[in-house]
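What follows is the residue order along each chain.
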Amino acid sequence: MSNFLMRNWWKLLSGVLLLYAVIAGFTADIPLKPITEQTMRNLFYHVGMWFGMMAMLVTGFVYSLRYLTKFDQKEDVVAVEAVNVGLLFGFLGIFTGMIWATFTWGTPWVKDPKLNGAAVGLIIYLAYVVLRGSIEDVHKKAKVSAVFNIFAFVLWIVFVIILPRLAGDSLHPATGKNEIAVLPMHLDPSMRVVFYPAMIGWILLGFWIMTIRVRIRRIKLHLENQ
Amino acid sequence: MLLNEIKYLIEKEIKLELKQKYVLNGILLYLISTIFVTYLAFDRIIDVETWNSLFWIILLFVAVNGISKSFVQESPARHLYYYTIASPQAILLSKVLYNLLLMAILSSLSFILFLTLMGNAVVNVPLFLIALSLGSFGLASILTMMAAIASRASNNFSLMAILSFPIVLPLLTTLMKVSRTALVSDDWSGNWSFIIILLTINVTVIILAYLLFPYLWRD
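Protein sequence lines correspond, in order, to chains A and B.
For the record, in the first sequence the residue sitting at position 123 is 160 according to my numbering, with numbers rising by one throughout.
For the record, in the second sequence the residue sitting at position 53 is 989 according to my numbering, with numbers rising by one throughout.
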């Protein structure tokens, strides 16, 4: 039993944190600002999707690097599942953002650097999935897609960094002047106590889903090889 | 040693290209007819914004078409032969340099055609030429790498486009920004940071390609 807890405490933590984020996120007193009003509560869920996506894509990148040093199938399985969960978070982030944007900006999609950066990220990783699908040989598939993943991730990060400079001001709060809205000094204390636990919860949930999917894929591989 | 290998490999590329002239002629005709179709589609003087977007989008499509053949033109058996006699870095750099040559021809031709057919919108010519040369280099190196990746998979052609378009976006959006200012004003001041961004992207791409290509080349 204690062994079980030792290995799985972070899953429990993820559940507790997210439960807290849902309850406190809807009930806490938050300062109401014009335009956003009560929709500001979406910050705890929408931004969490981006944190989750980023954590997953960084994991995918790291495991692609590891694959190219070891050529072990296990690394590739983690890389591809990290990307899959990253895509899931990415789509959820886009959808939660579109609903939010409809209420605050009056339209589901605006030409905003953050939206475009996210959308391009999704296109890149969908291309990664298509690339994997069009290679038959397992080892070749793992190697070529690892190379693409590393190349694409670096260029995507470059894109996300330079986009705000190219596009000027973003509609997202407090960007463009090197202020990041989710840093403590720009976030009200009453929101901080919900926001940071929620972000940790989402990232841990991402890893939880990923480990389950990795196990499923390993079992499938094992059965195929028998 | 490496330089020597690169020199011979580029010579080989050029000889091969001149031997099968129809490939080069095909891509040149593709460029000319695309620009002519655009010229006929816009029958009045177009504004700077449209000029700029059309120019770079056409150049992107032509570049993808021209470079996608880089690793599929020769047979796998011939690739195996090159594998035994040359280092992967030499292969990659020779392909990039050869494609850079191709891009130089394609981009200058499309610039000349745009000037004659779509009207001269460029105010700051040196800045535009800087953008054009940095863009050619960036497109050549990114697309060579994508062609190498796409050549390892089936349904090669559509895959080349799917992989390349989102990847070239950081380069392309910066290029469009720089060239748009070259179209509207003579002012250099705001552009140095973007030129530095372009240089950084080019250097990053070349380093990544140099490190990663050996994994693609070894089967």
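A portion of the hints provided could be inaccurate.
Okay, derived cross-link-like pairs now, DSBU-like style, lysine-lysine, Cα gap no bigger than 35 angstroms in a straight line [to be verified]: (1) B:948 / A:177; (2) B:1005 / B:948; (3) A:48 / B:948; (4) A:257 / A:178; (5) A:107 / B:1005.
Source of the hints: derived by calculation from the structure; they are not laboratory data.
Structure-based check of all given hints:
| no. | hint | verdict |
| --- | --- | --- |
| 1 | B:948 / A:177 | holds, 28 angstroms |
| 2 | B:1005 / B:948 | holds, 15 angstroms |
| 3 | A:48 / B:948 | violated, 58 angstroms |
| 4 | A:257 / A:178 | holds, 17 angstroms |
| 5 | A:107 / B:1005 | holds, 31 angstroms |
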